[in-house]
Amino acid sequence: MSESSAEREPSHGLLTRQLLVVTGKGGVGKSAMTAALGHSLAARGRRTLVLEIDPRENLHQLLDVPPSGGAIVPVGERLFLQNLKPKDVVDWVVADRVPIGMVVRRIKQSAVYERFAEGAPGLKEVAILGHCLRAVRGEIEDAPRIDTVVLDAPATGHGIYLLTAARLFAEAIGEGPMATLAREAADFVAGEEAGVVVVTLAEELPVDESLELRQSLVDRFGRQPDLLIANGVYPPLPADDGSTAGAEPEGDPLLALWRRRRRVNEHELARLVERWKGPRVTVPLLPIDPGPTLVRALRGKVDDQLDQALASERAATEDGAMESA
Amino acid sequence: MKLDLAADTPPLLVCVGSGGVGKTTLASAMGLISAQAGHDTLVMTFDPSLRLKDTLGVGDPADTGSGAAAEQEQEVRVAFDAPGTLHASLLDARRTFDRLVARHAPDDAARERILRNPYYDHLAGHLGGILEYMAVERLYEVAQEGRYQRIILDTPPARQAIDFLEAPQRIVSFLDSGALKIALRRWFDEDGRLMPSRSLGFLGRGVERFLDKIVGLKLLRDMSEFFQAFEPLFAGFRQRAAEVEKLLAASSTQFLLVAGPGESRNPDTLFFARKLQEAGWNLGPIVVNRVHPTFSHAEDARSVSAAAEDSVGKDPVGDDETARQGRELFAWLGQRHRQGLSALRALLPADQIVAEMPLEPDEPTDLESLLAMGESLHRRLTHPPR
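Just so you know, the sequences run in chain order A and B. For the first sequence, my numbering begins at 12 and goes up steadily by one. For the second sequence, my numbering begins at 88 and goes up steadily by one.
Simulated from the structure, these hints should not be mistaken for lab results. Where hints are given, some of them may not hold.
To be verified - 16 Å max Cα-Cα, derived EDC-like pairs, lysine to aspartate or glutamate:
1) B:K140 x A:D219
2) B:K140 x B:D185
3) A:K96 x A:E68
4) B:K140 x A:E215
5) A:K96 x A:D65
6) B:K140 x B:E455
Modelling step: build the complete structure from the supplied sequences, incorporating the hints.
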């Protein structure tokens, strides 16, 4: 299967997806970007749930609400936050499918179950995705039906595992209610309902990883991520930056550092542009500590460029449609 | 604990820290210093950047066809002219696991049964911390061979960094756990039907029914087959894990903790330092890497944040404004990183060495610049500021 024929265009992606998996290497500002994206989608009319898996909760600080403690908490208009413990979901499935309370208790207390719930490869991922599915179907008690779940996913390598695990698990199990859930989850991530957002720094290793992730998505799912966010980019230097005709300025180490960092960013951005089809957003390095203020600022940057990216993407899709007609 | 790469000890240096902090580059730079001081040194890394691979001259096996894949773990001599030799090797966790299976399997048939079991594939990648464990397993393997006077291990990017540290213990506890004993039971009769069980009583029947009802039997069948095939290996595997654990805890092994700059990284750093010490391992210096320098003529950082918040979304107007905002950004970064460092030092015992490595304009692209980075680190480690 050649790449061009296998790839689905990320048409209308971001604004109609039911699940957006936000992934990226550690330390690239993924959580703050997830929060910003959540705000942005909510403002565009989507009832949005920001879902955090990391037990060391920090998204509530970025969204300026108290810790969710596992519950779905409102953040603002159409915006909600939840810190999910995958084990709770597995427990819920057991309770849901085994109708006798006493047996449920015994199962939950057994060492075998403990090991299984903690350790069965892929089970945790199935639980997370199953939860997302229930959220968009409006099946979660005392919670509104959600249009889009924005998932702050684990770092890149594990992010792709999140997407492939459900299929593996379904195949390994074969039969039974858990297999049904795994199959539904696998279909959900493979379908039009789900998209991937990749956050990266414009530096060598994160860019390598992002390109690998993109390739992996193309190979396994026949599609590319909906959006690439290049975060923390040093600002362009003023035209008169003290350097003359290629010579490095001796006098100003600040300018020298700034120029070199910017050059690394530009080099890596160029590499991305060359190999990354589809919408991209570049976000500058901002002198703001992680927190709600940073999220607001990021959202401003994302909003602007998102509109542009989506507009040019639509134009490109229309051009393509006309050409093929 | 002080770290002097020129001295004879430690023979084993383990670099730990979260992903993306420049651990691998620092490990390689220290390798050069160690070789320069006359020690035959091996640097073992996971996943270095292409640039670093080029710098060290360890090729990318993926680029050179299938035959080269087998050579992935080969130790490649780095073309570095020094009193000691420097070798580098790229770790491949899955290959180590396969080899471990091959070594401990009683015969070829048993080995094939394991390697071909569908569950092995699943398990090899994702049993909590197994990849991390394989890194230390490989370290043990090489350490036992005794061909090097110093080994510097760059640990893998861990999902939760601590997975790596707890991996040997977790393997042992998994091997000893009831789950395994139950998995090792004969679950199925010859027709592949679940066998009735009396020994587990009502609880057991409940659990079995749960597994049957919720999980389905295919996974259980694969798991059961896998563990039965694996059983002859457990004794060797378990003993091995215990020895690896002993090696990590030996007084001759030192841990170097590499951290990112900025106050928001401190909780991770402290968590890591505490875990290392709780495990009874020898925490050496903490290196805070890529610290933004402060420039004397930069803007007053305190006003920067407020200004930035006001100007968010507005485009800079003209060169003067661009330059001013850039200087403000650098002032802010420098100030935040300084603040992060003092906060970290304040939270650590007074005798804990915290060395800071400045953000350099350029990443090392040849052995010369990598050596310069190594020398800079070596200086900071042997003459710490406090």
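Hint check results:
no. : hint            : verdict
1   : B:K140 x A:D219 : holds, 14 Å
2   : B:K140 x B:D185 : violated, 25 Å
3   : A:K96 x A:E68   : holds, 11 Å
4   : B:K140 x A:E215 : holds, 13 Å
5   : A:K96 x A:D65   : holds, 8 Å
6   : B:K140 x B:E455 : holds, 15 Å
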